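*Asks:* Sequence:
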Amino acid sequence: MSLIIEARNGIITDEMKKVAEIEGVEPEFVRRGIENGRIVIPVSPYRYTKPCGIGKGLRTKVNASIGTSSDIVDIDMEIEKARIAEATGADTLMELSTGGDFFDIRKKVIDSTTLSVGSVPLYQAFIEAIRKYGSVVDMKEDDLFKITAEQAKLGTNFMAIHTGINLFTVERLKKQGRFGGLCSRGGAFMTAWMLHNGKENPLYSEFDYLLEIMKEHEVTLSMGNGMRAGAIHDSTDRAQIQELIINSELSDISHEAGVQTIVEGPGHIPVDEIEANVILMKRLSGEKPFYMLGPLVTDIAPGFDHIVAAIGASLSSAYGADFICYVTPAEHLALPNLEDVRQGVVTARIAAHIGDMVKNKDRQQDLDMGRARRDLQWEKMYELAIDPKYARSVRDSRSPNDEEACTMCGNYCALKIVKQNFNFER
Numbered sequence: 001m002s003l004i005i006e007a008r009n010g011i012i013t014d015e016m017k018k019v020a021e022i023e024g025v026e027p028e029f030v031r032r033g034i035e036n037g038r039i040v041i042p043v044s045p046y047r048y049t050k051p052c053g054i055g056k057g058l059r060t061k062v063n064a065s066i067g068t069s070s071d072i073v074d075i076d077m078e079i080e081k082a083r084i085a086e087a088t089g090a091d092t093l094m095e096l097s098t099g100g101d102f103f104d105i106r107k108k109v110i111d112s113t114t115l116s117v118g119s120v121p122l123y124q125a126f127i128e129a130i131r132k133y134g135s136v137v138d139m140k141e142d143d144l145f146k147i148t149a150e151q152a153k154l155g156t157n158f159m160a161i162h163t164g165i166n167l168f169t170v171e172r173l174k175k176q177g178r179f180g181g182l183c184s185r186g187g188a189f190m191t192a193w194m195l196h197n198g199k200e201n202p203l204y205s206e207f208d209y210l211l212e213i214m215k216e217h218e219v220t221l222s223m224g225n226g227m228r229a230g231a232i233h234d235s236t237d238r239a240q241i242q243e244l245i246i247n248s249e250l251s252d253i254s255h256e257a258g259v260q261t262i263v264e265g266p267g268h269i270p271v272d273e274i275e276a277n278v279i280l281m282k283r284l285s286g287e288k289p290f291y292m293l294g295p296l297v298t299d300i301a302p303g304f305d306h307i308v309a310a311i312g313a314s315l316s317s318a319y320g321a322d323f324i325c326y327v328t329p330a331e332h333l334a335l336p337n338l339e340d341v342r343q344g345v346v347t348a349r350i351a352a353h354i355g356d357m358v359k360n361k362d363r364q365q366d367l368d369m370g371r372a373r374r375d376l377q378w379e380k381m382y383e384l385a386i387d388p389k390y391a392r393s394v395r396d397s398r399s400p401n402d403e404e405a406c407t408m409c410g411n412y413c414a415l416k417i418v419k420q421n422f423n424f425e426r
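In the numbering used here, the protein residues as written are 1 to 426.
Please keep in mind that the hints were generated in silico from the structure rather than gathered at the bench. The structure presented is a predicted model; accordingly, all values stated were derived computationally and were not measured. We treat Cβ as the ideally placed atom computed from N, Cα and C, and that holds for glycine. One or more hints might be untrue.
Unchecked claim - Label-pair restraints from in silico Cβ distances: (1) D101 to E256: 36 to 44 Å; (2) I130 to F168: 21 to 29 Å; (3) E21 to A391: 40 to 48 Å; (4) A192 to I253: 24 to 32 Å; (5) I130 to K174: 21 to 29 Å; (6) Y382 to E200: 54 to 62 Å.
As the list claims (entries may be wrong) - Listed next, the in silico EDC-like pairs over lysine to aspartate or glutamate satisfying Cα-Cα at most 16 Å (straight line): (7) K56 to D356; (8) K153 to E212; (9) K108 to D74; (10) K108 to E150; (11) K108 to E86; (12) K132 to D142; (13) K50 to D74; (14) K50 to D111; (15) K107 to E150; (16) K380 to D368; (17) K419 to D375; (18) K153 to E216; (19) K416 to D356.
Make a model of the complete structure from these sequences and hints.
*Replies:* Here is the structure:
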């Protein structure tokens with residue numbers, strides 16, 4: 001029985017209780033959220049995962065995407081990326097390999113973590129079509145659904161499925177054009193297949209069959225955004241909005257069928273359009289959990305896109321986004337390495353926290369940090385830091401003469417002067 005069906009029957013499951021405990025809310029709040037589609041808890045009948053609630057009234061969650069490419073296939077590195085992401089505080093993983101043995105890589109990554117793991121079945125289906133038949137346009141529809149079921153059986157908790165790309169959406173793209181092209185691999189693959197074959201996207205035309213697979217294996221459906229902008233000058237265009245409308249309509253059908261559902265948002269958006277995108281998505285989808293890919297708010301900072309994305313993600317979270325995908329310093333340049341993954345998770349967590357300070361009024365950790373700094377309690381500061389190990393290493397690498405101070409101010413530490421002469425405690 002799916003979590004939605006249990007929630008509709010008034011049952012509070014162990015997963016709901018655990019999420020409520022983690023989030024500091026009542027179990028009934030979580031049950032109602034799942035019942036009305038505003039909260040999801042990605043689960044799998046095939047393996048244990050740490051319960052992770054995503055949605056309205058909960059802490060903003062961070063996803064870390066990993067996976068091989070056609071140029072670099074190193075399974076051990078991907079397993080280590082998964083471990084680093086989990087240790088650094090990611091809430092979920094997505095395994096997005098496009099090179100090597102897909103089954104072997106995904107199984108080993110899933111076995112290496114207790115986090116919920118997501119995938120994009122479309123990648124494997126189209127790449128296997130290239131390997132078997134020589135071209136993405138020769139992908140067989142039955143293979144796509146078969147691969148989706150196979151990935152579910154491995155213990156995949158959620159899947160990004162590109163359901164909103166249909167012939168009408170593609171026509172909007174063709175008529176308007178793009179400055180930055182089509183950056184979504186899934187979107188590019190499916191658009192090429194549809195145009196070459198003159199056929200509708202099977203994920204759209206056979207949506208009921210897709211839901212049968214999702215429901216049978218208790219997979220959370222993440223409505224993929226294959227028409228997202230790859231450059232800020234393409235943001236919020238007709239193709240993107242048309243896909244959002246379709247995905248929002250399908251999300252209602254999915255939820256009614258008992259399949260937990262997330263709706264994905266765009267990837268490149270200028271700062272002044274973020275609020276409108278979040279409001280539009282929430283309104284159209286009926287407050288389904290919103291998954292933002294970044295977003296990146298400028299296109300001129302390769303090598304620093306994790307910072308660019310953190311700016312966009314903090315605003316997205318503040319305006320109501322529930323789930324953000326990290327971006328690493330390697331974005332647009334290379335396959336991320338281990339340090340890229342660590343930095344990506346940390347910066348995304350900072351962004352999520354900043355958003356939650358506004359959205360959920362969650363400011364206790366900052367209050368505690370302010371007091372710890374006032375009182376020069378260094379161990380407490382490390383404990384409260386988003387990355388305690390890194391914070392400690394920076395100070396230790398430049399040790400002060402006065403253990404109460406740091407080498408920035410040395411003998412002239414303002415906080416120490418105040419501590420010795422005044423009492424500003426609150």
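*Asks:* State for each hint whether it applies.
*Replies:* Do the hints match the structure? See the list:
no.	hint	in the structure
1	D101 to E256: 36 to 44 Å	holds, 37 Å
2	I130 to F168: 21 to 29 Å	holds, 27 Å
3	E21 to A391: 40 to 48 Å	violated, 28 Å
4	A192 to I253: 24 to 32 Å	holds, 27 Å
5	I130 to K174: 21 to 29 Å	holds, 24 Å
6	Y382 to E200: 54 to 62 Å	holds, 56 Å
7	K56 to D356	holds, 11 Å
8	K153 to E212	holds, 14 Å
9	K108 to D74	holds, 12 Å
10	K108 to E150	holds, 15 Å
11	K108 to E86	holds, 15 Å
12	K132 to D142	holds, 14 Å
13	K50 to D74	violated, 26 Å
14	K50 to D111	holds, 13 Å
15	K107 to E150	holds, 11 Å
16	K380 to D368	holds, 9 Å
17	K419 to D375	holds, 7 Å
18	K153 to E216	holds, 10 Å
19	K416 to D356	violated, 31 Å
Going through the hint list in order, the structure does not satisfy hints 3, 13 and 19.
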